[in-house]
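Guided by the hints, dock chain B onto chain A, whose structure is given.
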Amino acid sequence: MTYLKTLAAALALVATPLVAQDFSAGSNAKSWNLYAEVPATFEAEVVDILCNVAGDCANQCAEGRQLGLLRSADNVLVYPNKNSQSSFNGAASDLLPYCGKMVDVDGLLIEDEEIPGATNIYLVQTIKEAGDADWAKANKWTKVWAAKHPDAKGKGPWFRRDPRVNAIIADSGHLGLGLSPEEAYEITR
Amino acid sequence: MSLKTTIAAAGLALAAAPALAAEGERVQITGEIIDTWCYFSGVMGGPDAVVGSAHHTCALWCSAGGIPVGLLGEDGEVYMVIKINGEDQSASGDTQLTLASHEIVADGMLYKRDGLNYLVVEAVVEDRGITNLNHEDYGVVPGFAIPKPKN
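Protein chains in written order, with the numbering used here: chain A, 57 to 245; chain B, 3 to 153.
Pulled out of the complex, with its shape left as it was, chain A reads as follows:
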């Protein structure tokens, strides 16, 4: 009977991802006033998504690969799309130092049943290695970018100074249709 209970518990664990769990207890996440945001703090392993999902592991945890959070409570792979900064920054740079490690994270889960695929998407605000006392803000992306682009120093946010972005806009315009900045501005007002 004990073994049947064990099997039942294991099957329940497998089925857990089908049921939305509440990870808001203890969260100190700040709201972004998003329609489908839910505060969520949980323990997870930082994993290389390409390795974990597709078995492509030769270059796992290398800079530039997307990283995920394999949540301890239910084995669900959460995809951190966003860090805590407000200037179009992903989360991979902030998670990279923790790749392969157990961490605690705090942030906002996006669960929107009206948009296909909008589930287990995460905005990570703070992170710490499991067992550590101090939380770190997930806001390192712009510093990493600045270190890579010393020639792009200047006024204004990084996205106005990014060499690759500016080269594409110079070539095909802000709408991607070959219009000059003045033309694109005029037809969108």
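FYI, nobody ran anything at the bench for these hints, they're computed from the structure.
Since this is a predicted model, take the numbers as computed values, not measurements.
Worth double-checking, as some hints may not be accurate.
Derived BS3-like pairs (lysine-lysine); straight-line CA-CA distance at most 27 angstroms [to be verified]:
| # | chain 1 | residue 1 | chain 2 | residue 2 |
| --- | --- | --- | --- | --- |
| 1 | A | K199 | A | K184 |
| 2 | A | K196 | A | K157 |
| 3 | A | K204 | A | K157 |
| 4 | A | K199 | A | K157 |
| 5 | A | K209 | B | K150 |
| 6 | A | K209 | B | K152 |
| 7 | A | K157 | B | K114 |
| 8 | A | K184 | A | K157 |
| 9 | A | K211 | B | K152 |
| 10 | A | K86 | A | K157 |
| 11 | A | K196 | A | K184 |
| 12 | A | K196 | A | K211 |
| 13 | B | K150 | A | K211 |
| 14 | A | K196 | A | K209 |
| 15 | A | K209 | A | K86 |
Structure of chain B alone, referenced to chain A:
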């Protein structure tokens, strides 16, 4: 091995299964390369406004910024691109950046995990450029994406 042990082992194996890489399915998907955060979160408006020409500049910023890109298929599903044309730099990679807002035909392997579709694009079979001219309906999203001309 006893029946009890077999049952317990089977249970534990099932419990561990989601942590293992799944077997992929070969697919060919037509769709638009999008910025997934704006699409999923609604931070800049509804799904129809954060795609296409209206959102092109923002899609460039987000892709360069390391936000995951997705392929918004004709079926309405989003396929998270985790590798494209052999390039595994899916956080700010060059290939995906040059394809921002483009309609493409992608051939590759599809993996499904915890409600998300993950796509390894082995080949961009066709690049049709930007075909969704929704700036005609939405202007530019966000509005500050195109700086006001100085003259």
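Consistency of the hints with the structure:
A threshold of 27 angstroms between alpha carbons decides the hint, and for A:K199 with A:K184 the separation of about 19 angstroms falls inside it, so the pair holds. A threshold of 27 angstroms between alpha carbons decides the hint, and for A:K196 with A:K157 the separation of about 18 angstroms falls inside it, so the pair holds. Under the criterion of a C-alpha separation no larger than 27 angstroms, the hint pairing A:K204 with A:K157 is consistent with the structure, at around 25 angstroms. A threshold of 27 angstroms between alpha carbons decides the hint, and for A:K199 with A:K157 the separation of about 23 angstroms falls inside it, so the pair holds.
Using a Cα cut-off of 27 angstroms, the hinted pair A:K209 and B:K150 holds, with the two alpha carbons roughly 22 angstroms apart. Distance hint between A:K209 and B:K152 is fulfilled; the C-alpha atoms sit about 22 angstroms from each other, no more than 27 angstroms. Between A:K157 and B:K114 the CA atoms are separated by roughly 24 angstroms; this keeps the pair inside 27 angstroms, and the hint holds. The hinted pair formed by A:K184 and A:K157 meets the criterion: a straight-line CA distance of about 10 angstroms does not exceed 27 angstroms.
Restraint check for A:K211 and B:K152: the C-alpha separation of about 16 angstroms stays at or below 27 angstroms, so the hint holds. The straight-line distance between the Cα atoms of A:K86 and A:K157 is roughly 25 angstroms, inside the 27 angstroms bound, and the hint therefore holds. Simply put, A:K196 and A:K184 have alpha-carbon atoms about 14 angstroms apart, close enough for the 27 angstroms limit, and the pair holds. Restraint check for A:K196 and A:K211: satisfied, since their Cα atoms lie roughly 19 angstroms apart, inside the 27 angstroms limit.
Annotation: proposed proximity of B:K150 to A:K211 holds, straight-line Cα distance about 17 angstroms (limit 27 angstroms). Among the hinted pairs, A:K196 with A:K209 is consistent with the structure: their alpha-carbon atoms are about 17 angstroms apart, no more than 27 angstroms. Distance hint between A:K209 and A:K86 is unfulfilled; the C-alpha atoms sit about 30 angstroms from each other, more than 27 angstroms.
The structure fails hint 15 only (numbered hints given earlier).
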